[in-house]
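*Asks:* Here are the chains, one letter per residue:
Protein chains: 2
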Amino acid sequence: MSAEKKIPYKIYLQEEEMPTSWYNMRADMKNKPAPLLNPGTLQPLKFEELQPIFCDDLIAQELNDTDAYIEIPEAIREYYKTYRPSPVVRAYNLEKKLQTPAKIYYKFEGNNTSGSHKLNSAIAQAYYAKKQGLKGVTTETGAGQWGTALSMACAYFDLDCKVYMVKVSYEQKPFRREVMRTYGASVTPSPSDTTTVGKKILAEHPGTTGSLGCAISEAVEVATSNEGYRYVLGSVLNQVLLHQSVIGLETKTALDKYGIQPDIIIGCAGGGSNLGGLIAPFMGEKLRGEKDYRIIAVEPASCPSFTRGKFAYDFCDTGMICPLAKMYTLGSGFIPAPNHAGGLRFHGMSSILSQLYHDGLMEAVAVEQTAVFQAAEQFARTEGILPAPESSHAIRVAIDEALKCKETGEEKNIVFGLTGTGYFDLVAYQQYNDHVMTDYIPTDEDLQAGFAGIPRFPGNE
Amino acid sequence: MSAEKKIPYKIYLQEEEMPTSWYNMRADMKNKPAPLLNPGTLQPLKFEELQPIFCDDLIAQELNDTDAYIEIPEAIREYYKTYRPSPVVRAYNLEKKLQTPAKIYYKFEGNNTSGSHKLNSAIAQAYYAKKQGLKGVTTETGAGQWGTALSMACAYFDLDCKVYMVKVSYEQKPFRREVMRTYGASVTPSPSDTTTVGKKILAEHPGTTGSLGCAISEAVEVATSNEGYRYVLGSVLNQVLLHQSVIGLETKTALDKYGIQPDIIIGCAGGGSNLGGLIAPFMGEKLRGEKDYRIIAVEPASCPSFTRGKFAYDFCDTGMICPLAKMYTLGSGFIPAPNHAGGLRFHGMSSILSQLYHDGLMEAVAVEQTAVFQAAEQFARTEGILPAPESSHAIRVAIDEALKCKETGEEKNIVFGLTGTGYFDLVAYQQYNDHVMTDYIPTDEDLQAGFAGIPRFPGNE
Chain A
125 MSAEKKIPYK IYLQEEEMPT SWYNMRADMK NKPAPLLNPG TLQPLKFEEL
175 QPIFCDDLIA QELNDTDAYI EIPEAIREYY KTYRPSPVVR AYNLEKKLQT
225 PAKIYYKFEG NNTSGSHKLN SAIAQAYYAK KQGLKGVTTE TGAGQWGTAL
275 SMACAYFDLD CKVYMVKVSY EQKPFRREVM RTYGASVTPS PSDTTTVGKK
325 ILAEHPGTTG SLGCAISEAV EVATSNEGYR YVLGSVLNQV LLHQSVIGLE
375 TKTALDKYGI QPDIIIGCAG GGSNLGGLIA PFMGEKLRGE KDYRIIAVEP
425 ASCPSFTRGK FAYDFCDTGM ICPLAKMYTL GSGFIPAPNH AGGLRFHGMS
475 SILSQLYHDG LMEAVAVEQT AVFQAAEQFA RTEGILPAPE SSHAIRVAID
525 EALKCKETGE EKNIVFGLTG TGYFDLVAYQ QYNDHVMTDY IPTDEDLQAG
575 FAGIPRFPGN E
Chain B
125 MSAEKKIPYK IYLQEEEMPT SWYNMRADMK NKPAPLLNPG TLQPLKFEEL
175 QPIFCDDLIA QELNDTDAYI EIPEAIREYY KTYRPSPVVR AYNLEKKLQT
225 PAKIYYKFEG NNTSGSHKLN SAIAQAYYAK KQGLKGVTTE TGAGQWGTAL
275 SMACAYFDLD CKVYMVKVSY EQKPFRREVM RTYGASVTPS PSDTTTVGKK
325 ILAEHPGTTG SLGCAISEAV EVATSNEGYR YVLGSVLNQV LLHQSVIGLE
375 TKTALDKYGI QPDIIIGCAG GGSNLGGLIA PFMGEKLRGE KDYRIIAVEP
425 ASCPSFTRGK FAYDFCDTGM ICPLAKMYTL GSGFIPAPNH AGGLRFHGMS
475 SILSQLYHDG LMEAVAVEQT AVFQAAEQFA RTEGILPAPE SSHAIRVAID
525 EALKCKETGE EKNIVFGLTG TGYFDLVAYQ QYNDHVMTDY IPTDEDLQAG
575 FAGIPRFPGN E
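Top line first, the protein sequences correspond to chains A and B.
Per our numbering, the very first residue in the first sequence carries number 125; after that it's consecutive.
Per our numbering, the very first residue in the second sequence carries number 125; after that it's consecutive.
Treat the hints with caution; some may be incorrect.
[Stated by the list, open to error] Below, simulated EDC-like cross-link-like pairs (lysine to aspartate or glutamate); rule was C-alpha separation at most 16 Å, straight line:
(1) B/LYS130 with A/GLU139
(2) A/LYS129 with B/GLU139
(3) B/LYS434 with B/GLU569
(4) A/LYS220 with B/GLU202
(5) B/LYS254 with B/ASP181
(6) B/LYS129 with B/GLU345
(7) B/LYS134 with A/GLU202
(8) B/LYS156 with B/ASP191
(9) B/LYS130 with A/GLU140
(10) B/LYS255 with B/ASP180
(11) B/LYS528 with B/GLU219
(12) A/LYS134 with B/GLU202
(13) B/LYS134 with A/GLU141
(14) A/LYS221 with B/ASP282
(15) A/LYS254 with A/GLU351
(16) A/LYS134 with B/ASP380
(17) B/LYS130 with A/GLU202
(18) B/LYS220 with A/GLU140
(19) B/LYS259 with B/GLU295
(20) A/LYS130 with B/GLU569
(21) B/LYS129 with A/GLU173
(22) B/LYS221 with A/ASP282
(23) A/LYS254 with A/ASP180
(24) A/LYS205 with A/GLU140
(25) B/LYS134 with A/GLU140
(26) A/LYS130 with B/GLU139
(27) B/LYS220 with A/GLU202
(28) A/LYS130 with B/GLU140
(29) B/LYS381 with B/GLU141
(30) A/LYS254 with A/ASP282
(31) A/LYS134 with B/GLU141
(32) B/LYS130 with A/GLU141
(33) B/LYS324 with B/GLU345
(34) A/LYS134 with B/GLU140
(35) B/LYS134 with A/GLU139
(36) A/LYS220 with B/ASP282
(37) B/LYS154 with B/ASP191
(38) A/LYS381 with A/GLU202
(39) B/LYS129 with A/GLU139
Everything labelled a hint here was simulated from the structure, so no lab data went into it.
Use the sequences and the hints to build the structure in full.
*Replies:* In structure tokens form, the structure reads like this:
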């Protein structure tokens, strides 16, 4: 045996090594994720029922649970080349600091102006909207990560982009708003007087600072009531996980080049798009019985959909206007405590990941906020990159697993997804630096209150 | 002739192709940059006189104008591998938008948490401080770009880092402050009561919001009055240009791999560290008579050191406590108008670049602020990256040169330095988006007032 090929700090693929198709995990799942239901009829939603809301090609992808590979259109591949491939980084400095025999790798998706992996799906959704000859798209955004990605994608394809931004974020977090405006998006604080639903809410609650549920309602209303517009969404949906499979496909190619077999794959989970994308090809091997991996979803203890939620049909939005999805859920009325920083605040979870978790194909861990920021600080100081709070959930568990290896002496290969950077999350870092950040774990009573909002009908436990 | 090698969107070097030595332009200059003078004696500063302020190895580099190559210590090369090589990007989408036959390339230094090229010198300066057995370093920072880079470098080498941050930035721009704190730096608003000079200023001007000159004075006082500390600086100095040559060396290697010969090389110029680094190996060829390139420094019309300054010995700081440097200067009392966004606000310029410009080896252009942000917006929408205001000066001139090629039909190769990202400059972007950004060009009277502060002694015109 010759010496192992030296692994560089960063493994970059060549352009020609980038994936040409997305991988659709559903094709290899024995138990398919349950279909979306029409909340009125409780019947699976048909293509035609989704057409007023979504682009045709995206509906087809949403409903497709049979084709394992779906070609990435040439125009999207070209755009991917402008900010991808993203590197797989060997965390040499973190390993050294931890004094662990484990080998730690992370796929870093934050080196683009959207600051996260969201751009991978935004550009795909904008492409299909353009292909359909639409004028523009609408969406909602909280802190603005998804809205930023979508505004970049729309600038590239010369599409109008209307973003409804939760009013409190619009006012208190003006920076991502200005990035979106620089890319030509119109950003409207929600609730607004530009929609019927917005006007109604404003009349009833004149001083409201808005909510994501309300912003969704406004974005959907604008999409369905304006000729040439559709609504787009940045996580949870099957189509989004499909687009995000580019993360996992690149990761696998990069690791294969150096003969690296992951033992553990770790990702943070909010709606599930990053995790679903990262694990896709590895889960495919697992589903086909070719290989085995430990796969760990990490969620905040303050919003523990997997670890303490119910597997049931529920609304995806707090406004209860969206279709019903079968998923691990805390109830659509569940809102994380106000001390919760960053994203990962969704009450539910991707249907695909929910089914995989239900079938025992992956694990889930909930971690507390201050422990997450401790990991973020340690990572920043050793690896250089200031991580997003969301990504830092995965860092926490990667460090914990590496420390277990230190005890056992095992040289495991740990791979995690570093979804983004924390440059727009410095209010949370300041709280941590000032030692005023706190943890919050919902009580069983809190959870029961959320579960009470899950719709009851035969078969929905 | 076979088909040209296809040029990818991004050219990344392999680790083993990264430079192992910095290149020192001074060795190849016939007219060496003038030495720093002791303001009391007007004699060239000696090694011993600089020892209380700077680390020994850095003083040696500062004074070395004979060795063309200086080896990059192994520990620095290892750190460089964590965030370098930075890509040379082919601006295919910008070219298409401009419909120019020119080929545009940019070296992108913004993909690290400091957000700019500053880290290249920060890590070197921290290394030499550690090597000398020091406890820590002190510095000043305005908006925080340099302070952030230094805090990252000090975290890596486990050095104490004391940053004096201009009070108005400390209070109004808290985000970079929090990044520095996350990396373990102590950040003190200046003027402060931690120094004699700070106390004096506070007593005289209780409500002052501080200035860079005052922050320098505090940082130097702390370095010289505390055992085991030295002062470090992020631009202007010869040593900093030396470290930044890594930018140009990587750029040249990447272009050479694809047989690309630049016709024009463009960089923004504040203190000159980015520009000096980018052009280093190209200027070397020019100095040795091997090749010729057009080299263009771009500065703000509101702070036009090259295009409207005097070539004379002047103080580097507004407090007039630092050595005298021979450079293009607007006078150490010159302060850009308050509407000036971003960096590039230094009244002087690197002595090396000043000499090269004086000898006709490079050109300089001054551009106005709104035209710079127009270029920034166009770049962001086509190339994806939201550029720093500083970098956008270079983008402006690169676009202008590409548009000239459109008129003439010339297929020139234009290379520019994209020094950083604008994620912490969104107040300026907001002004631009809201159409309230203005231009300002100092009058001749404004300049005369600045020139009046340049010290007069024989030989200093």
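*Asks:* A separate judgement is required for each hint: does it hold in the structure or not?
*Replies:* Outcome of the hint check:
Taking the CA atoms of B/LYS130 and A/GLU139, the gap is near 11 Å; set against the 16 Å cutoff, the hint holds. Our distance criterion of 16 Å between C-alpha atoms is met by A/LYS129 and B/GLU139, whose separation comes to about 13 Å. Of the supplied pair hints, the one linking B/LYS434 and B/GLU569 holds, its CA atoms being roughly 14 Å apart against a limit of 16 Å. Of the supplied pair hints, the one linking A/LYS220 and B/GLU202 holds, its CA atoms being roughly 13 Å apart against a limit of 16 Å.
With a C-alpha separation of about 11 Å, the suggested pair B/LYS254 and B/ASP181 falls inside the 16 Å cut-off, and the hint holds. Between the alpha carbons of B/LYS129 and B/GLU345 the distance comes to roughly 56 Å, so the proposed pair goes past 16 Å and is violated. For the given pair, B/LYS134 sits about 12 Å from A/GLU202 by alpha-carbon distance, which is consistent with the 16 Å threshold. Distance hint between B/LYS156 and B/ASP191 is fulfilled; the C-alpha atoms sit about 13 Å from each other, no more than 16 Å.
The straight-line distance between the Cα atoms of B/LYS130 and A/GLU140 is roughly 11 Å, inside the 16 Å bound, and the hint therefore holds. Restraint check for B/LYS255 and B/ASP180: the C-alpha separation of about 10 Å stays at or below 16 Å, so the hint holds. Proximity of B/LYS528 to B/GLU219 is assessed by CA-CA distance (about 13 Å); at most 16 Å being required, the pair is judged to hold. Proximity of A/LYS134 to B/GLU202 is assessed by CA-CA distance (about 12 Å); at most 16 Å being required, the pair is judged to hold.
For the hint pairing B/LYS134 with A/GLU141, the CA-to-CA distance comes to about 14 Å; that is within 16 Å, so the pair holds. Restraint check for A/LYS221 and B/ASP282: the C-alpha separation of about 12 Å stays at or below 16 Å, so the hint holds. About 14 Å separates the Cα atoms of A/LYS254 and A/GLU351, which keeps this hinted pair within 16 Å; it holds. This hinted pair does not check out: A/LYS134 and B/ASP380 have alpha carbons roughly 22 Å apart, beyond 16 Å.
A distance of roughly 14 Å separates the Cα atoms of B/LYS130 and A/GLU202; the hinted pair therefore holds under the 16 Å criterion. Between B/LYS220 and A/GLU140 the alpha-carbon distance is near 22 Å, which puts this suggested pair outside the 16 Å criterion. Of the pairs offered as hints, the one joining B/LYS259 and B/GLU295 is violated, with about 28 Å between alpha carbons and a cut-off of 16 Å exceeded. With a C-alpha separation of about 62 Å, the suggested pair A/LYS130 and B/GLU569 falls outside the 16 Å cut-off, and the hint is violated.
For the suggested pair B/LYS129 and A/GLU173, the alpha carbons sit about 49 Å apart, so the restraint of at most 16 Å is broken. A C-alpha spacing of about 12 Å is found between B/LYS221 and A/ASP282, which places the hinted pair at or below 16 Å, so the restraint holds. For the proposed pair A/LYS254 and A/ASP180, the alpha carbon gap of about 11 Å is at most 16 Å, so the pair holds. A C-alpha spacing of about 10 Å is found between A/LYS205 and A/GLU140, which places the hinted pair at or below 16 Å, so the restraint holds.
Taking the CA atoms of B/LYS134 and A/GLU140, the gap is about 12 Å. The hint holds against a cut of 16 Å. For a cut-off of 16 Å, the pair hint linking A/LYS130 to B/GLU139 stands: about 11 Å separates their Cα positions. For the suggested pair B/LYS220 and A/GLU202, the alpha carbons sit about 13 Å apart, so the restraint of at most 16 Å is met. Distance restraint check for A/LYS130 and B/GLU140: the Cα-Cα separation of roughly 11 Å lies within the 16 Å cut-off, and the hinted pair is therefore satisfied.
At roughly 10 Å between alpha-carbon atoms, B/LYS381 and B/GLU141 fall within 16 Å of each other, so this suggested pair holds. A distance of roughly 8 Å separates the Cα atoms of A/LYS254 and A/ASP282; the hinted pair therefore holds under the 16 Å criterion. Between A/LYS134 and B/GLU141, the direct Cα distance comes to roughly 14 Å. Compliance with the 16 Å bound is thereby established for this hinted pair. Proximity of B/LYS130 to A/GLU141 is assessed by CA-CA distance (about 15 Å); at most 16 Å being required, the pair is judged to hold.
As the CA atoms of B/LYS324 and B/GLU345 are separated by approximately 13 Å, the hinted pair is consistent with the 16 Å bound. Note on A/LYS134 and B/GLU140: the hinted pairing holds, with a Cα-Cα distance of about 12 Å set against a maximum of 16 Å. The straight-line distance between the Cα atoms of B/LYS134 and A/GLU139 is roughly 9 Å, inside the 16 Å bound, and the hint therefore holds. Restraint check for A/LYS220 and B/ASP282: satisfied, since their Cα atoms lie roughly 14 Å apart, inside the 16 Å limit.
Taking the CA atoms of B/LYS154 and B/ASP191, the gap is about 14 Å. The hint holds against a cut of 16 Å. Restraint check: the Cα-Cα separation between A/LYS381 and A/GLU202 comes to about 23 Å, which exceeds 16 Å; the hinted pair is violated. At most 16 Å may separate the alpha-carbon atoms for a hinted pair to count; B/LYS129 and A/GLU139 meet this at roughly 13 Å.
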